[in-house]
Amino acid sequence: MNETNRVFRQQLLDAEQVTPALKDRYHKELQAMLEEQLTGMRRWIWLAAAIMGLGFAVGFGTLAVVAPAEFPWWWRLVFAVGALFGIGFGLLGLKVFRRGALDLKRDSWAYSGTAWAIPVLVVTVAMVSAPENVVGLRMILSGLVFLVMGAVFLIRHVVEQSELKTREKLLEIEYRLAELADRIQLERPMPPTSRA
Amino acid sequence: MLRDKQVILQELLVLRCKRGERQAFDELVRQWEGRLLYYVRRLVATEGDAWDVMQETWLRVCKGIRSLDSPDRLATWLYQVSRCAALTHWRGHYRAHARLEEGEKLEEIAAEETKPFEDAERVHRALGCVSLAHREVLTLFFLEDLSQEQMAEVLGIPLGTVKSRLSYAKRTLRSVLQQEEGCL
Numbered sequence: 001m002n003e004t005n006r007v008f009r010q011q012l013l014d015a016e017q018v019t020p021a022l023k024d025r026y027h028k029e030l031q032a033m034l035e036e037q038l039t040g041m042r043r044w045i046w047l048a049a050a051i052m053g054l055g056f057a058v059g060f061g062t063l064a065v066v067a068p069a070e071f072p073w074w075w076r077l078v079f080a081v082g083a084l085f086g087i088g089f090g091l092l093g094l095k096v097f098r099r100g101a102l103d104l105k106r107d108s109w110a111y112s113g114t115a116w117a118i119p120v121l122v123v124t125v126a127m128v129s130a131p132e133n134v135v136g137l138r139m140i141l142s143g144l145v146f147l148v149m150g151a152v153f154l155i156r157h158v159v160e161q162s163e164l165k166t167r168e169k170l171l172e173i174e175y176r177l178a179e180l181a182d183r184i185q186l187e188r189p190m191p192p193t194s195r196a
Numbered sequence: 197m198l199r200d201k202q203v204i205l206q207e208l209l210v211l212r213c214k215r216g217e218r219q220a221f222d223e224l225v226r227q228w229e230g231r232l233l234y235y236v237r238r239l240v241a242t243e244g245d246a247w248d249v250m251q252e253t254w255l256r257v258c259k260g261i262r263s264l265d266s267p268d269r270l271a272t273w274l275y276q277v278s279r280c281a282a283l284t285h286w287r288g289h290y291r292a293h294a295r296l297e298e299g300e301k302l303e304e305i306a307a308e309e310t311k312p313f314e315d316a317e318r319v320h321r322a323l324g325c326v327s328l329a330h331r332e333v334l335t336l337f338f339l340e341d342l343s344q345e346q347m348a349e350v351l352g353i354p355l356g357t358v359k360s361r362l363s364y365a366k367r368t369l370r371s372v373l374q375q376e377e378g379c380l
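In order, the protein sequences belong to chains A and B.
Read left to right, the first sequence gives residues 1 to 196 (this note's numbering).
Read left to right, the second sequence gives residues 197 to 380 (this note's numbering).
Any given hint could be a false lead.
[What the hints assert, rightly or not] Simulated coverage check for chain B against chain A, where a stretch passes if three residues somewhere in it have a Cβ under 8 Å from a Cβ of chain A:
1) 201-211
2) 231-240
3) 250-261
4) 327-341
The set of hints was computed from the structure by calculation and includes no laboratory data.
Built from N, CA and C at the ideal position, the CB exists for glycine as well.
This is chain A alone, in the form it adopts within the complex (with noise of 0.2 Å):
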């Protein structure tokens, strides 16, 4: 776009009048949609989760390390994975309290990734535990489809957040190049001027 047109862009743009109270309201509920505002009793009642989750971790924490030594190993590891969800689930809490607002998006993740890792660990364990008969058997193979599956989920997603951060960084370096170009071009000595 030449300079001539861009100005008649910009010139076509600021003509187009706006009420600002209609603008004020659009603002509003555009972040209303991104970011839902919590009010004094949900906001307290995220403080409440997030000290439950907090608790429950230092419950679990403990049984992790204070259970008897005839305990099945791998229930110590279920309390120890049970710790860390209750730090993250408390942690995740006490941020939505500070920030006084859910964000849609960020959170909507936060919350669908604890939702994915909880039955992958409980039917883990039970896989773990089954007991060595066909009733065993048939609780391994259905929880080997479920992990099959919650593993395709997770390759995918992180295969993606890969491809994603690669061409993220690819065009970087593009804009790098183009950036040294034109350093380039404006520190070239002009031609000489024929002379008359």
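We have chain A; now place chain B onto it with these hints.
For chain B alone, kept in the frame of chain A given last:
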């Protein structure tokens, strides 16, 4: 051959949005709000409707940006989304107007004008006096985010029709401007 820096920055912004970065989405809204509002405002009857359509547009963008495979299609995609939102909002009315333009002929391409429009304020006012389909194509032309091929994609019509419609619309706009001048 190196690409334009602005294009690269736009693609980077899309990738950041796809990764779920909230700030990137806010930046996207900030960068495109003015142009999309201008376009949408030309499609709907009132300013209130335009803001509603804008809200719907961003909701669709927020939900759908992960499915945008080619970041270089951002401009086309944003105009498509806002157009769809406007159509949903104002369906019956828009259809009735759009049908009026079906009689356009391709031979008008030959008569395409190249003389630029100069007074943005007057053009802005005159846009309100041309038919909806012409207004839409002219708005996309003046905003200069899209090539004619991309405009065809946004409008869902063949490239030839975009050319003829644009040519006819420019002439109509010029005659409106002349009439306005004559009145002064």
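Which numbered hints does this structure break?
Nothing - there is no hint that the structure violates, so all of them hold.
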